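Asks: What follows is each chain in one-letter form.
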Amino acid sequence: MQISLRGIHKEFPRQNGGSMAVLRDVSLTVDAGEFCCVVGASGCGKSTILNILAGLLLPDAGQVLVDDATLDASRLRIGYVFQKPRLLNWKSVGDNVAFALRAAGVSAAEARARALHYLALVRLDQFVDEFPLSLSGGMQQRVAIARALAIAPDLLLMDEPFSHLDEMTARTLRAELLRIWQQARTPVMFVTHNALEAVYLADKVLILSGRPATILKSVRVGLPRDREMEDPRLVQLQREILDTLGIAAPNAIRH
Amino acid sequence: MKSSSSSTDAQGASIWQRWPIAVHVASLSAMLLAWHATASAFPPSLLPGPIPVFKRVGEIFVSGRFAVHMAATLLRVGAGFFLAFVVGIGLGILMGVNRTAERFFEAEIVVGLTIPSLAWAVIALMWFGISEIAPVFTIFIVLLPLITVNILQGAKALDHEVIEMAQAFRARRAMMIRDVVIPQLVPYLLAATRFGLSLAWKVTVIAELLGLSNGIGYMIHYSFGVFSMVDVFAWTIAFTLVMVAFEYGLLKPLETRVTSWRRAVAF
Chain X
151 MQISLRGIHK
161 EFPRQNGGSM
171 AVLRDVSLTV
181 DAGEFCCVVG
191 ASGCGKSTIL
201 NILAGLLLPD
211 AGQVLVDDAT
221 LDASRLRIGY
231 VFQKPRLLNW
241 KSVGDNVAFA
251 LRAAGVSAAE
261 ARARALHYLA
271 LVRLDQFVDE
281 FPLSLSGGMQ
291 QRVAIARALA
301 IAPDLLLMDE
311 PFSHLDEMTA
321 RTLRAELLRI
331 WQQARTPVMF
341 VTHNALEAVY
351 LADKVLILSG
361 RPATILKSVR
371 VGLPRDREME
381 DPRLVQLQRE
391 ILDTLGIAAP
401 NAIRH
Chain Z
-9 MKSSSSSTDA
1 QGASIWQRWP
11 IAVHVASLSA
21 MLLAWHATAS
31 AFPPSLLPGP
41 IPVFKRVGEI
51 FVSGRFAVHM
61 AATLLRVGAG
71 FFLAFVVGIG
81 LGILMGVNRT
91 AERFFEAEIV
101 VGLTIPSLAW
111 AVIALMWFGI
121 SEIAPVFTIF
131 IVLLPLITVN
141 ILQGAKALDH
151 EVIEMAQAFR
161 ARRAMMIRDV
171 VIPQLVPYLL
181 AATRFGLSLA
191 WKVTVIAELL
201 GLSNGIGYMI
211 HYSFGVFSMV
221 DVFAWTIAFT
231 LVMVAFEYGL
241 LKPLETRVTS
251 WRRAVAF
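Chains as they are written, first to last, in our numbering: chain X, 151 to 405; chain Z, -9 to 257.
Think of the hints as simulated: they come from the structure by calculation, not from any bench. In this text the structure is predicted, and so the values were computed from the model without any measurement. Each hint should be verified, as a subset may be incorrect.
[What the hints assert, rightly or not] Residues of chain Z placed beyond 12 Å of chain X at every Cβ, according to the derived structure: (1) Ala20; (2) Ala24; (3) Trp25; (4) Ala31; (5) Pro42; (6) Thr104; (7) Trp117; (8) Leu231; (9) Val232.
[To be verified] Just some of the chain Z residues that point at chain X, by a computed CB distance under 7 Å: (10) Phe32; (11) Leu36; (12) Val58; (13) Glu151; (14) Met155; (15) Ala158; (16) Phe159; (17) Ala161; (18) Arg168; (19) Pro173.
[To be verified] Label-pair restraints from in silico Cβ distances: (20) Arg89(Z) <-> Pro374(X): 51 to 57 Å; (21) Gln143(Z) <-> Gly396(X): 27 to 33 Å; (22) Glu326(X) <-> Arg247(Z): 31 to 37 Å; (23) Lys242(Z) <-> Ser257(X): 35 to 41 Å; (24) Arg93(Z) <-> Arg321(X): 47 to 53 Å.
Each residue gets a CB set at the ideal place from its N, CA and C atoms; glycine is no exception.
Chain X on its own, in the form it takes in the complex (with noise of 0.2 Å):
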């Protein structure tokens, strides 16, 4: 299944009168079983973007296609993992997990069942009767993540899902994020302004231009899975990205 937007114009009204421009001509493709980052500033309209996917946003113009037919956006099956975990409080764990099933039509007894085998993925299967606010920020993140699987979406839009989480935590769960997206290998949107981050993760990076955002550029990283933060030619993408974005390396200032 390929997801794509087409020539996506989005304005959002401002305070007094008027409107401001946040996408412009923005058009992608997620590939079936890509793992997709898009890179920007903050600000700069990547979570319009993922929100006219998930169709909670209606865009002024454009399409949204699905295999390139014109599609209601409201009709994928959508897994979104938030910047915060946004679970709800006060239910447990377990709870938390089901709800999303619930509300995408399986029976009670199964969303049981399948939400103990995703969170068993994330390892946090031995929570699943306790609550949100008994977990550290990571623990509740990777409950979002789960819960976003456990699913089985058509696509899975992630909001800088990482970025209010320390760089150990990140660390980890960027990589156990792999381990689980290589099994089922959902189509993924990624937003970062971690260009590192985005070049780690994805099949392919977008760079996002500042507002009114268009996309400027397509990287692909061709890089085996198994990969490290570290590795020159992750260090070397990044650049790229950050040459395209206008960001000087901070030893080029000095000449």
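Fit chain Z to the given chain X structure using the hints.
Replies: For chain Z alone, kept in the frame of chain X given last:
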């Protein structure tokens, strides 16, 4: 080394910290002693002491008279509170999510909050005569603006991020309301229940006093009419005991159960 006669234990906590119930008992005992002491300085027709009053409380419980009147009052309070609760939740949520509705009903709420409950009780008696409708209506109309305002604040405080998450996962309306919205409103619902009920009792007693022929308010008024201060005190205290039992036996455990998820345990 601490002496064994000190009031702190080995960990340094005082008796009062280890046994919070001892503090409550001490407080109640102090009140009763003060009452007893003050009452001995006054004639019983003005201020009876705790001993004759509690004796009378025992009598009205045992004779079954309390049950009869308590039931009458309880039914009125229950009906009025339930109606106000249901309408108040609906109105509060509507106003919370719809700005026009909020502006529209704001005037009625402000007016409703300022009219004294006694005025409503009298109006209700004029409109509905001496019937069950009068007190039920009074409770309903007095409580409605309060409960609405409370729920309105809850609705405004809803976490939109979690609602957006539920929308992303395509939760339908029923699930959204049951699993996402209502649990967030629970603290507000509990607060509304607490003060709504406490106000309802007071309003009912006034309504009964004015024009009904049974109920706790009626009995208090009747006792006053036959100049029996012991009975006035006894009926009031008997009623209070039931209220306290309700709060500690029902509301507090319910609250604990429903908010247990808030207590974070660090893993």
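Asks: Does each hint hold? Answer for all of them.
Replies: These are the hints, each one checked on the structure:
no.	hint	verdict
1	Ala20	holds (39 Å)
2	Ala24	holds (44 Å)
3	Trp25	holds (44 Å)
4	Ala31	holds (54 Å)
5	Pro42	holds (50 Å)
6	Thr104	holds (35 Å)
7	Trp117	holds (43 Å)
8	Leu231	holds (33 Å)
9	Val232	holds (31 Å)
10	Phe32	violated (53 Å)
11	Leu36	violated (53 Å)
12	Val58	violated (41 Å)
13	Glu151	holds (5 Å)
14	Met155	holds (4 Å)
15	Ala158	holds (4 Å)
16	Phe159	holds (5 Å)
17	Ala161	holds (4 Å)
18	Arg168	violated (11 Å)
19	Pro173	holds (4 Å)
20	Arg89(Z) <-> Pro374(X): 51 to 57 Å	holds (55 Å)
21	Gln143(Z) <-> Gly396(X): 27 to 33 Å	violated (47 Å)
22	Glu326(X) <-> Arg247(Z): 31 to 37 Å	holds (35 Å)
23	Lys242(Z) <-> Ser257(X): 35 to 41 Å	holds (36 Å)
24	Arg93(Z) <-> Arg321(X): 47 to 53 Å	holds (51 Å)
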